[in-house]
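Novice: Okay, here's what each chain looks like letter by letter:
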Amino acid sequence: MLLKTSGQRWVGLVISMVAMIFLACASIVYGYTETSWKMAYQAFTDFNGTNEHIIIESVRLPRALIAATVGASLAMAGVLMQTLTKNPLASPGIFGVNAGAGFAVVVAVSLFSVGSLQAYTWIAFLGAAVAAISVYVIGSTGREGLTPMKLTLAGAAIAAMFSSFTQGLLVLNEAALEQVLFWLAGSVQGRKLENLASVFPYLLAGWVAAMILSPKMNVLSMGEDVAKGLGLNTGLVKLGAGIIVIFLSGGAVAIAGPIGFIGIVVPHVARAVVGIDHRWVIPYAGLLGGMLLLVADIAARYIIMPQEIPVGVMTALIGTPFFIYIARKGFNGR
Amino acid sequence: MRKYRSFRALNGKVSFLVDQKAVNTILVLLALVVLLLILSAGLGEMKISPLSVLQVFFGGGTEMDRLVVQSFRLPRIIVALLVGMGLAVAGGILQGMIRNPLASPDILGITGGAAVAVVGFLAIFSDENNALIVSIQWLPIAAFLGALVVALLVYFLSWKNGVSPIRLVLIGIGISTLMQALTTLLMILGPIYRASQANIWITGTVHGTNWSEVRVLVPLIITLLAVAIMMARTVNIQELGDEIATGVGGRVQRQRFLLLLISTALIASSVAFAGGIGFVGLMAPHMARRLVGSAFGALLPVSALIGGILVMLADLIGRTMFSPLEVPAGVFTAAIGAPYFIFLLFKTRNQ
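Note that the protein sequences, when read in sequence, are chains P and D. So the first sequence is numbered by my numbering: it starts at 1 and just counts up by one. So the second sequence is numbered by my numbering: it starts at 335 and just counts up by one.
These are computed hints drawn from the structure, not numbers from a lab. You may find that some hints are simply not true.
The calculated lysine-lysine pairs, modelled on DSSO-like cross-linking and capped at a C-alpha distance of 27 Å, are [said to hold, decoys possible]:
hint: 1; chain 1: P; residue 1: Lys-192; chain 2: P; residue 2: Lys-86
hint: 2; chain 1: P; residue 1: Lys-228; chain 2: P; residue 2: Lys-216
hint: 3; chain 1: P; residue 1: Lys-86; chain 2: D; residue 2: Lys-494
hint: 4; chain 1: P; residue 1: Lys-38; chain 2: P; residue 2: Lys-216
hint: 5; chain 1: P; residue 1: Lys-192; chain 2: P; residue 2: Lys-4
hint: 6; chain 1: P; residue 1: Lys-329; chain 2: D; residue 2: Lys-681
hint: 7; chain 1: D; residue 1: Lys-681; chain 2: P; residue 2: Lys-86
hint: 8; chain 1: P; residue 1: Lys-86; chain 2: P; residue 2: Lys-329
hint: 9; chain 1: P; residue 1: Lys-86; chain 2: P; residue 2: Lys-216
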């Protein structure tokens, strides 16, 4: 635990907020088209219609905002998932949300010729919700209820199922492949502010609800029996947390496509900074998640310039070593 | 009461209990395989009666029939059979070793590694006009190496005073996610038709197989299957869990490594020629368990035959149902496999 008193934590929170705003600005300034900080400032105060100004306003700004919100939502969803399932490797990605959203989008594109990113948003949201609910239901049936192993395998199974269906549909329809390939990799590029606006209410509701639920999550993390003994309605809290996760991860996938590993990595970093109190972990995870995705997105522009690596691939590259580290360290005494 | 016969050879190095019921099941399945082979060789764009197919097998038949059956259909049918067998046995071994009925080649990332190798191969060995500069014959080798490298990677990353099954699964899942990301990346960077080419491979198909591939695959798979069946009894011991397995005198880690090696080799050679045909390795052992119980001496041959039948059937449906369009066999194995998977998840919920 890095920050021990709540005074330090407040200061840390403010510093992280400033850092996040700084990174968002950096995301607006740096990229393939050369722009300067001054130019970015002028684009908002004194818009003159040059290419650079248009790029800043219509491409870079939405991109920065989307990266920040998506990163924050995924990280918070990751915290809830990990507590909910008592599995430090839980994340929206491992739980089939991404595969479900991907499948829904591919179905829409190849069978119903849906073409706009705007429409993808809702369809992906739906697919993500269906997949998450089925993983949750399958993982929690049976005598022992929700066990980490069962849930992980159920998630992998559902993900495998949806991705083979996606694969099959794409083989039959090459045009659809071309259309959705970039979406399937996960990217915050080329989205409009309207895309964000249409799901932002759900994400915001998810953030607020996560904060409200955070003291209850502290109790839940002590274990099912203890939580019940302390008078917590565990079923209701789990259900609530599940719904929040669906809102947050479904919304994030809907805007940006499947972006993995943020939900696994960031909660661990947040816990290393502020300990296990969810009232602190959740906001910290949100800020750190936003920062991580902003950084990954900026890096994705530079690695193989002029082409861009989808940010989903970037996060996978950063996240896998971390995932393996945690898996090796073991959990729950295993 | 079941009738068992014991069978020993090589001074007790190889020993089985043979169950009379299992032998009967195997014979019935063998007959089914032969039947399906004849039927499948006759069906397609050009229909040939089973009788004429038999004639062709024994050296007769019209020239046209001979051409269609021998050059076009037979190689792919044989490859489908062998690939199905390989994947099913590998799946059975993994399930026994990991002691989880839901383990499969796909989940451990082995198939994913082969996919990256294939996409990478297509990307690296193409010139500016997107024509391959080396023969496509090398593709299986790339896939084989990819699968092998990733399997070893997963194994060594899971090593920490020995390899525990749960760590193997978790790290496998992590690595396969990474492999997926890399595959997507390589597909995006290349031109779209290459992505499409790679995608067909990832889904899994035996389309366009020729005899030279069969000649490589037959000895490979048959040797590996023989070794797998000889190792069957060590899978039985692995299934008891680490403590008991050590207690009854099994060298747990060594056997685990050998078993993983065999299943990796089986998966690698299967996907090398047929791509990532999914769910067979998962389904076939379960169906086999229903038929003959879970003693591996009987389970492995039965699941091999079931796996072969599944892939042959998927290929037959794939090339006849939407004719003239060819649907990769992998689509159908997924279509049958996925609902079966969910059924299994529900069934095993109390374990």
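Novice: None of the hints should be skipped; say for each whether it holds.
Specialist: Here is how each hint holds up against the structure:
no.: 1; hint: Lys-192/P / Lys-86/P; verdict: violated, 37 Å
no.: 2; hint: Lys-228/P / Lys-216/P; verdict: holds, 11 Å
no.: 3; hint: Lys-86/P / Lys-494/D; verdict: holds, 23 Å
no.: 4; hint: Lys-38/P / Lys-216/P; verdict: violated, 46 Å
no.: 5; hint: Lys-192/P / Lys-4/P; verdict: violated, 41 Å
no.: 6; hint: Lys-329/P / Lys-681/D; verdict: violated, 31 Å
no.: 7; hint: Lys-681/D / Lys-86/P; verdict: holds, 23 Å
no.: 8; hint: Lys-86/P / Lys-329/P; verdict: holds, 15 Å
no.: 9; hint: Lys-86/P / Lys-216/P; verdict: holds, 15 Å
Taken one by one, the earlier hints fail for this structure at numbers 1, 4, 5, 6, listed in ascending order.
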